[in-house]
Structure formats: C-alpha cells, structure tokens
Amino acid sequence: MTKSFNLKAWLLLLPALSLLVAFTHWPTLKTLWRSVTWARSDVAPSQFVGLENYQLLMDDPVFWQVIENNFWYAVGTVPTSIALAIAMALWVNGKIRHKGLLRLAYFTPTILPMITVANIWLFFYSPGIGLFDQILGSIGIQGPNWLGDPDTALPSLMAMTIWKEAGFFMIFYLAALQTLSPELYDAARLEGAGPWRIFRRITFPLLMPTTLFVLINALLNAFKLVDHLFILTKGGPNNASNLLLYYIYETAFSFLDSYYAATLTVIMLIALALIALVQILMFDRKIHYR
Amino acid sequence: MLKVNQLTRIYDEKAVVDRLSFEVGDGEFVALLGPSGCGKSTSLKMIAGLETPDAGSIELNGKDITLLAPGKRELAMVFQSYALFPHLSVKENILFGLKARKVNKSDQQKRLNSVVDLVDLGEHLNKKPGQLSGGQCQRVALARAIVSEADLCLMDEPLSNLDAKLRNEMRSEIRALQQRLGMSVIYVTHDQVEAMSMADKIVLMNDGKVEQVGVPNALYNQPETVFTAQFIGSPPMNLLPSNAHWIGVRPEHIEIREGGTAAQVISCDYHGADTIVLAEVKRGDNETATVKLRHPGHALFEAGQGISIFWESTNEHRFPRAS
Chain Z
653 MTKSFNLKAW LLLLPALSLL VAFTHWPTLK TLWRSVTWAR SDVAPSQFVG LENYQLLMDD
713 PVFWQVIENN FWYAVGTVPT SIALAIAMAL WVNGKIRHKG LLRLAYFTPT ILPMITVANI
773 WLFFYSPGIG LFDQILGSIG IQGPNWLGDP DTALPSLMAM TIWKEAGFFM IFYLAALQTL
833 SPELYDAARL EGAGPWRIFR RITFPLLMPT TLFVLINALL NAFKLVDHLF ILTKGGPNNA
893 SNLLLYYIYE TAFSFLDSYY AATLTVIMLI ALALIALVQI LMFDRKIHYR
Chain H
39 MLKVNQLTRI YDEKAVVDRL SFEVGDGEFV ALLGPSGCGK STSLKMIAGL ETPDAGSIEL
99 NGKDITLLAP GKRELAMVFQ SYALFPHLSV KENILFGLKA RKVNKSDQQK RLNSVVDLVD
159 LGEHLNKKPG QLSGGQCQRV ALARAIVSEA DLCLMDEPLS NLDAKLRNEM RSEIRALQQR
219 LGMSVIYVTH DQVEAMSMAD KIVLMNDGKV EQVGVPNALY NQPETVFTAQ FIGSPPMNLL
279 PSNAHWIGVR PEHIEIREGG TAAQVISCDY HGADTIVLAE VKRGDNETAT VKLRHPGHAL
339 FEAGQGISIF WESTNEHRFP RAS
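The listed protein sequences derive, respectively, from chains Z and H. Going by my numbering, the first residue of the first sequence is number 653, and it counts up by one from there. Going by my numbering, the first residue of the second sequence is number 39, and it counts up by one from there.
Be a bit skeptical, because a hint or two may be false.
Capping the alpha-carbon separation at 25 Å, the derived lysine-lysine pairs in DSS-like fashion look like this [said to hold, decoys possible]:
(1) K101/H <-> K143/H
(2) K247/H <-> K41/H
(3) K148/H <-> K938/Z
(4) K747/Z <-> K110/H
(5) K938/Z <-> K137/H
(6) K938/Z <-> K110/H
(7) K165/H <-> K938/Z
(8) K129/H <-> K101/H
(9) K101/H <-> K203/H
Note that these hints are calculated values from the structure, not bench results. Predicted model only: the values in this text are computed from it and were never measured.
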C-alpha cells in the first residue's frame, strides 16, 4: 500500500515538479556553473576559470555603483511604502463614506502594469511640459530635469515605486485589519488607551505577521522590479539610476557577456536569500501568530 | 450610583432599546436579563460608551456620562469573547489599563499581585492567552476588570463560552468575588439561572423595553406580565384560559391527587429528582390547554392515562387576557 501510495504522490507532484526543475532549479544550477566558466566567443568552447569572474566583479566600478544604488533604492522605497500602506489601510478600514471607491483608488496603481505606470510617470517627469514642472512653473519655480540629472534620477524612480507599491501592500494590511476583533478595540478604549497607544500596543503588533510578509516582498521587489528603468532612464544618466537586475540585463543582452551576467546573477541570488533569511530569523520569534 | 434614564437606541427606525430606565446601587449586582435580541447588550454598550444613545441619559455617581468617551467613564468591562490581547502575556493584559492610565510602577505591581491572588492566576502570568484554557482566559478578563478598581463593572454574558460545569463554578466564584470586593456590577445574560442565582436585582427586558424590575424572588413569585411569568422558571409557568383572564400556575404547584381537575397524560420526562408530566386539561366547553407539572420522584404514566390534578388557589396568578 505504501509503495503505490508513494507512486501516486510522486505522480501528483510530477507536473509542478517538472516545471519547477525545468524553469527554476536547472537554470539556477546552470547559472552557477556559467559564473565559473568563460569563453572567448559564442562558438568557442567554454572553460573553467574558477573565481576569475568574481575577481572581475570586485574590480568593476559599475557593479559597486549599482549595488549602492540598489541599497539606497531599497532603503528609500521599502519603509516609506510600508508606512504609507499601513496609514492608508487604517484610513480606508475606518468609518468613512465611499470606502469601496477609496480602496479601489488606492489599489489602482497596483492593477496597472509597470510599463504603463512608467509611461504615465514619464509624462509627469518630462522637463518643461511635464505635470510636475507645470505645477512648479505655475508658482514660479523652475523644476529640475527630473530624470536627466544624476542627483534626481534615482529619487524620481523611488517616488514612482512608492506610489506603485503602497497600494498593493495596503491590500494585505486591510485584509489583516479586518481579521482583528472589534471587541479588542472596545476593550482597549474602555481601559483608557488613546488612539496612538492602541496603534502602538495593539494594532501594530498584531499586524507584524503581515509586516514581515510585506517587508520580504518589498525588499525582493526592490531588486526584482526594473521594468520602469526601460522606459524612464535606462539606468542613466551615467549609471546614476542603474539597478542590479537592469545591469544584469544590460550585461547579458546589450554587452552579450552571458558569463559575467551569470556571475552578477549569482551575487543577486545570494543577496536575496540572505535578506529573506535574516528577516525571518530576526522577526519570527518576536511575532505573535494566531 | 448608576442611573439610567429613558435610554433609547434606534436602528433602522426601530427602537432596539426603548426608554430603558433602572438604577444600580453601591455594591449591587444587577442582571440585565432577556431573550436574544431584546436590547440588553446594546444597553450595556451604551453604558460603556461604545454606542451612542439616541435619547436618554446615563448618570454615574451624580455625573452625566451619556456622551463621555469610554476611557473617561472609569468603568471596567468583561466581554463575552474575553477580548484579551492575544500578543500580550497575562501580566501585560492585566496591566494594560493601568499603563494606559499612567499608574505608577509600584502601585501597578501591588494591584497586580493582589488581583492575581484573587483569581488564582499566579503560575500563568507570563503565558499568552492562547496557552490558557477557557476558564483561565475568563479569569484573566476578570482580573483585568478588577485591577482597574473601577466604580462599576460591566459584564456581557461572560460565562456563555464555558462548558456547563465550569459555568456553575465560575458563577459562584464571580458572585463571591463581587461580594467580597463590594463591586457594583451590571451583568448581561439570557440565562435566567445565572440571573436568579447571582443577582441582587433583575431587570428583565423584552423587545427593547423593561418588562419588570425586582429581586429574583419577586420576579418568580409575583410576575407582573405573562412574559415574565413564562420567561422565569423552567419549565415555564402554565397558562390556562379562564374567561377574560389567564390563570398561571407553576409546574411545581400542581399535584396529582384525587378530587382535582381531570386531565389526560400526553408524555412524561424523567429528570432524576422529579418527572415533568405533560397533560391536557379541558377548560370550559370546547377549550383545552396543556399543562406541565413537576411530580417528585419517578412517575410512570402511560400516554392517554387519566389523572386528576390539583393546585391551591393561593398559587394561582392572574393576568388579563389580551383578545
């Protein structure tokens, strides 16, 4: 019985497993292998070079710049979009009119594809004729060249990302808020707790499981989402807004160096795995799960 | 100490609480009793400040608190679901209100220690509510209410989530605690046994209105309305038509004995100490009525068997019969 049961289990697992192996695990291994090999050209046979590609990476100033950019991109977008998401969720969860419309409004940026969003924001940021410059112009201020200036390019991307992500995270917080018993709040109010104490001592701790989930996703997204770079800056000017994944794409498909791209990819995978691990280890024990 | 005056709450043009008035004295245990949906929980919420009344007033120690924020009323409340904070330890749950009210540390500790002894939670202080049994959660909820040293404690069906045995234990425990601490309590329940056994005074509600207010004994022995007569007591009071009146007789006041009214047994329900006999009697020419009577011991009557039932006329209650 166990044997046929095992067989059945494997058969049931097979479709999902074969997809996972073919499109996730095998390419991962292949990338790992590629990162330690090199070939003179596409037709030449590749040869094992050990950690030479990694040595190259250490000496690559662009690599260090995209790492730094990605760091600031994550630091700038993740906490802000989470804080914004909680604030919006608390608001649309309250007793207000047209709740449904408001929720929809906040969620709209999430429904739109990143490419569409980037095109809309391209108009916002256009020098002179763009929305921001027109608004600033009407009060007599000349706006900067948002996407063209190395100082403002990355922050401009960050603003757009926050706008896009906050609504998405709000949905998770909204769902979590609705599972909290109203009697808990009645009890807290009767005990004399004010709104801030209620948020700090009750709402926020009870939202922690959601926050961990959202935090991991937000950080991963900070590395994974680069669609907008294609439309808005292409990593420029002078790599000022370049991010790791976009740099990998450029290396592989513009510079056609798939070996170095594989090396960069491995670094990114390690970084992402570490981020997830650290967060889970750090927060898991402190969080109250039901 | 608490005066509720003409309190009214309207939902969708229907008064769910309709001109409710009653008073709670110092150290008095008052039960708000009534069937589901009679407005008793809504009344309690209005007293707690969790709902806003549409009319009427609430006065606590001579101060009008009708529109005061819940936290400013100096009330404590025990919720039906306990409403313990699931992420906080028992200790933090109990101390939550004291911290919110900025009571100083040494006072907090003193009050915590004494209340923990009272409800016997010593070994569980650092556990989370999820690790406790229903009865222990109930104690934490009680402790949180007691530690606030509020003038008045509201309890909203606090025992309804416990099993029957635990419910009986907690009933006497709460009552003992209340008397020992001299707490004033408003206790909402739909269970007449709880109200009868615990309360100094019962406010019986029906359909948003007060049906009768009185000590348990008065509600049982001098019911003023048919509703009271039938709601209090189990099995409920028998109602027999008699011209323009209902005649009410409690099942335990009916005896099976020669020389009474002829009746026919319908069924018997054996309860151990006694047997509830359901029988049919003729009233007048073409009216019949069923009565339940409490017969001591084990009685075996066949269905259809003729018996004779008797009750003293002093045990009769009369109610006007609405046509």
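Against the structure, the hints come out as follows:
no., hint, in the structure
1, K101/H <-> K143/H, "30 Å, violated"
2, K247/H <-> K41/H, "16 Å, holds"
3, K148/H <-> K938/Z, "28 Å, violated"
4, K747/Z <-> K110/H, "22 Å, holds"
5, K938/Z <-> K137/H, "21 Å, holds"
6, K938/Z <-> K110/H, "33 Å, violated"
7, K165/H <-> K938/Z, "14 Å, holds"
8, K129/H <-> K101/H, "32 Å, violated"
9, K101/H <-> K203/H, "41 Å, violated"
Consistency note: the structure conflicts with the earlier hints numbered 1, 3, 6, 8, 9.
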